[in-house]
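Protein chains in written order, with this note's numbering: chain A, 5 to 415; chain B, 5 to 415.
There could be a bad hint or two in this list.
The list treats identical chains as one, so a pair stands whether inside a single copy or across any two.
As the list claims (entries may be wrong) - Simulated crosslink set (DSS-like; lysine-lysine; CA at most 25 Å straight-line):
no.: 1; residue 1: K72; residue 2: K230
no.: 2; residue 1: K121; residue 2: K72
no.: 3; residue 1: K125; residue 2: K311
no.: 4; residue 1: K91; residue 2: K64
no.: 5; residue 1: K30; residue 2: K48
no.: 6; residue 1: K85; residue 2: K64
Everything labelled a hint here was simulated from the structure, so no lab data went into it.
Each chain, written out:
There are 2 protein chains.
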Amino acid sequence: MTLKNFDQKLTQYANLLVNVGVHVQKHQKILLSIAVDQQLLAHKLVDAAYAAGADKVVIKWQDNYVLKQFLNSTTDEMLTKIPSYIKDEADTLMNEHYSRITILSEAPDSLSGVDAKRLAKYQQALSTAQQTITEATINNRISWLVAGAANRVWAKELFPDESEEEAYDHLWEAIFTTSRITDDPIKTWQAHINELSKRADWLNSLHLDKLHYQAKTADITIGLAKDHIWEAAGSTDTQGNYFVPNIPTEEVFTAPNLHDINGEITSTKPLSYQGNVLTKIHLVFKDGQIIDASAEQGNEVLQELIKTDAGSRSLGEVALVPYDSPISNSEIIFQNTLYDENASNHLAIGAGYPFNVKNGTELSKEKLHQLGVNDSQVHVDFMVGSADMNIDGITQNGSIIPIFRNGNWAE
Amino acid sequence: MTLKNFDQKLTQYANLLVNVGVHVQKHQKILLSIAVDQQLLAHKLVDAAYAAGADKVVIKWQDNYVLKQFLNSTTDEMLTKIPSYIKDEADTLMNEHYSRITILSEAPDSLSGVDAKRLAKYQQALSTAQQTITEATINNRISWLVAGAANRVWAKELFPDESEEEAYDHLWEAIFTTSRITDDPIKTWQAHINELSKRADWLNSLHLDKLHYQAKTADITIGLAKDHIWEAAGSTDTQGNYFVPNIPTEEVFTAPNLHDINGEITSTKPLSYQGNVLTKIHLVFKDGQIIDASAEQGNEVLQELIKTDAGSRSLGEVALVPYDSPISNSEIIFQNTLYDENASNHLAIGAGYPFNVKNGTELSKEKLHQLGVNDSQVHVDFMVGSADMNIDGITQNGSIIPIFRNGNWAE
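Bound conformation, chain A alone (with noise of 0.2 Å):
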């Protein structure tokens, strides 16, 4: 590591993510689950932890070799066979309110080669078992984060021509450029926030139904939840505590309506999942459902993930990025859903956020499910902004509003 004053960087950058991101309060618990070749950066979170009052951080180190050896190499019968204490474990965190704070640095291929049916069976088993997590997660019961972390693979992957050394600083210098790591960035960042949640505020005064996406990958109309509420930089838990679950972010999102959803778009950038590159992801929709489905590169990966339960087959995010924003100005494709998703206008497949309309943290399932909140096991974001996408705003008596303008906000 060559890069200028990288200590500095990565301090304030796990400052940032902890006191703007997860906002550690005293005596809260944290869950960190982070790969094992950023001990460096696991230090200084959990000084960040600490620092701030944390009373316990517990860590779950990742490596996705010792996953994909695994996966390779056991029995059908032990890949599913999860053992009990999984789920005790997810139970207790959850239960106790640990707050989440994931780290995402794999290589975005770093699971190729794996049998995608072994892999989605693993990965069905293993969401089962740690159900809570992902319910608390979804609801808000919990502050999370996700952020990411440089890695040297994934580095030189995205950028080959350079040497690792080059190639790792670049990626480093690039998280911390599109995180608005400046001098100060915690005040940068209230800036920041305060940005996006008018945007939210004006799509919310507008009542919007549907949306109705327009491009040369795109022609689709995707209805909004009954009282849907677009959300953008930060939530607050049930506990009351304001938190900003990505960094970056610049996206401004609500809840679709999985009953009202008809059309086809395909993806524009690549998406990786579960350490595969999914590429043109195309989907046809009618009346909410994917009626068809393909990509060019992953599709096996594809079909198993809309296959995983009834709502992987709609839509349960849909989110706005200006095709000129920071992430997308660096002209870099991370290949990774946290940073892509925020250079573009995406959507994603599976559970919708129960806080993306009205009340939706108290509503029973069937409330949801009737108001148009999607249900599922997974939540995969995908990418389909594009310079030319024209995006309209329909009212419930039909005006049309423009939204978007040639990949960016109409106004």
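Given the coordinates of chain A, assemble chain B onto it according to the supplied hints.
Coordinates of chain B only, in the frame set by chain A:
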């Protein structure tokens, strides 16, 4: 790393640990405890385990910096509140006969600065939660292995006059040499195991009642448990799998009689225990019980250790290692028990191994106690060997048989 053939030697080392150490069988499951900065060795162990037919390797990544920050920062309540899933996890893994591989690499003083009482409280709470692991290990209900790996901080502490890279290479080289990583380590180990087993057979043929240690640092008589068995190199677990629980190993050991230890002894090498260094541990025994204890360095940690439970005031192991052994000849004080105990006669405070008496793993705790086998949550070896040490064996009828003369085997 500039050590010649490092990658090849590390692969041989991993293969030795898996195929001779824990002796992985088809469909075996493995619990690997290893530090976060040992990713390369971890991957090689995982590869070797699956190549040997293992079904699953669960890794518990260790990081003493993270542990230290927790111990220094958390509340008294959280310190000893071990969540229920930790016990559930321990019970499940032992119930399913997971074999254990533990790789030690943390610097000897990696937890120094932590309040000794807080550390002891935490360790005791954790040991209680994970008691099934200790019991399964000590009773050979599973196969298990403790081995080492070099760490830059540890290396620099051992070789302060060398550069960090040189010290790191030096420590790896010492680990490979003392672990007998030759051109054919598996063949070399078979010969070594035979050699040690012959020593154990000789001691078993003597049917000794007690040992009398005499040196500048020792004048103590240690009774041996009734029906004791001298073991060396390997053990057989209750599934019938022969394994070698320590690599390296130079010792021949058995269970002392907890009712019959009298005299005093001082440790001759520094002991690294829970991230603290203890020197010149001086213990006085009467009728098997420690009646006085002190240490020149780490005295507080020693006092907490012997207060753990009833069994932590007596001994659980007596082990014979010639002063003229490969580790001793390396003239390195590793400040790590795994190596230093195999360079020196040693004793252990705390639990004895039931397999060190006839049919011991099938006997009740009461019966074991009656035979003299100690029971405790702790088992802490400390080194007592020296160049001037003489040890006499005393038989039931009072005859004296020279066992050690001037620090080495008498014959």
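Give the relationship of K85 and K64 under a CA distance limit of 25 Å: within one copy only, between copies only, both, or neither. The answer is both: 20 Å in one copy and 19 Å across copies each meet 25 Å.
How would you label the pair K30, K48 (within, between, both, or neither) given a Cα cut-off of 25 Å? within (18 Å within a copy, 41 Å between copies)
Give the relationship of K121 and K72 under a CA distance limit of 25 Å: within one copy only, between copies only, both, or neither. Classified as within: same-chain Cα gap 13 Å, cross-chain 41 Å, threshold 25 Å.
One pair to classify: K125 and K311, alpha carbons no more than 25 Å apart. Within, between, both, or neither? within (11 Å within a copy, 49 Å between copies)
State whether the alpha carbon distance between K72 and K230 is at most 25 Å within one copy, between copies, both, or neither. Answer is neither; intra-copy 42 Å and inter-copy 50 Å both fail.
Please work out whether the CA atoms of K91 and K64 approach to 25 Å or closer within one copy, between two copies, in both situations, or in neither? both (15 Å within a copy, 17 Å between copies)
In summary, the one numbered hint that this structure violates is 1.
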